[in-house]
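Trainee: Sequence:
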Amino acid sequence: MSRLPVGRPSAAMAVALVALVAAISGTAWAATQIDGRTIAKNSEPGNRIKQRSLPANRLKPHSLTGAEINLGGLGTVPAASHAATADHAATAEQAGSAALAGEAAKIGGLSVLKFSRTGAVPSASPVTLANVGGLKLTYSCLPSFPDTLIFAAVTTVNGAELWLTRTAAGGASIELQQPFNVGETFLLTGFVATGVYTAPDGQVVTFTYRNTLHCAEGVAGTAVGG
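Using my numbering, read the sequence shown as starting at 82 and increasing by one per residue.
Heads up, a few of these hints could be off.
Said to hold, decoys possible - Beta-carbon label-pair distances, calculated as ranges:
{"id": "1", "residue 1": "S197", "residue 2": "P142", "range": "55 to 65 Å"}
{"id": "2", "residue 1": "P142", "residue 2": "T303", "range": "46 to 56 Å"}
{"id": "3", "residue 1": "R291", "residue 2": "A205", "range": "17 to 27 Å"}
{"id": "4", "residue 1": "E298", "residue 2": "A253", "range": "20 to 30 Å"}
{"id": "5", "residue 1": "G190", "residue 2": "P136", "range": "46 to 56 Å"}
Hints in this document: simulated from the structure, not taken from any laboratory. Even glycine gets a Cβ: it sits at the ideal position worked out from N, Cα and C.
Starting from the given sequences, assemble the full structure and let the hints guide the process.
Mentor: Below is the structure:
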């Protein structure tokens, strides 16, 4: 039985075999050795990674910061949408332009008004300083000697009542108007006083004021209710 002669491989064949072995071993090494720790920071540009090829569970929890996220592209969450307008309550903005109240706001659903007025106002056309919960506070003043200052409470509904505690030169007094009906006027004289108005539907207005009885200094106070 004859044998085929075994010749020595050519130089080209030897080089090809070495290259093949190197390529195979290099791929195996790369597959088992390369992970995120072996890649330098900022060394791999985004265009080298296939779009949408990395799932969210491949990212380390809490590893993304504002530096990697385009914050301008994020939408507004529902709570933030509400917060964007919460500092400008509609009631307060409207009250800022109201002719009757120098300053007004809402606290716990109640209207809070601060009022003041000085100077001459004809008694035939008094100005309304507060109008809340069925109660109106009006002012007029005629300069004379002495001045004729009329600060009064009127009601817009029948069957209300008004309690007033006031301090004047003669001491303190308590007065009650019950019932307090439309068309009636309750004069708010005295230097310092506190009143409580109750409407038939249960609305309550509490107000305080100071009344100097002179047009130059006028009246001032606050009213809370609604």
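Trainee: Work down the list of hints and note, for each, if the structure agrees.
Mentor: Hint by hint, here is what the structure shows:
{"no.": "1", "hint": "S197 with P142: 55 to 65 Å", "verdict": "holds (60 Å)"}
{"no.": "2", "hint": "P142 with T303: 46 to 56 Å", "verdict": "holds (54 Å)"}
{"no.": "3", "hint": "R291 with A205: 17 to 27 Å", "verdict": "holds (25 Å)"}
{"no.": "4", "hint": "E298 with A253: 20 to 30 Å", "verdict": "holds (21 Å)"}
{"no.": "5", "hint": "G190 with P136: 46 to 56 Å", "verdict": "holds (50 Å)"}
The structure agrees with every numbered hint stated previously.
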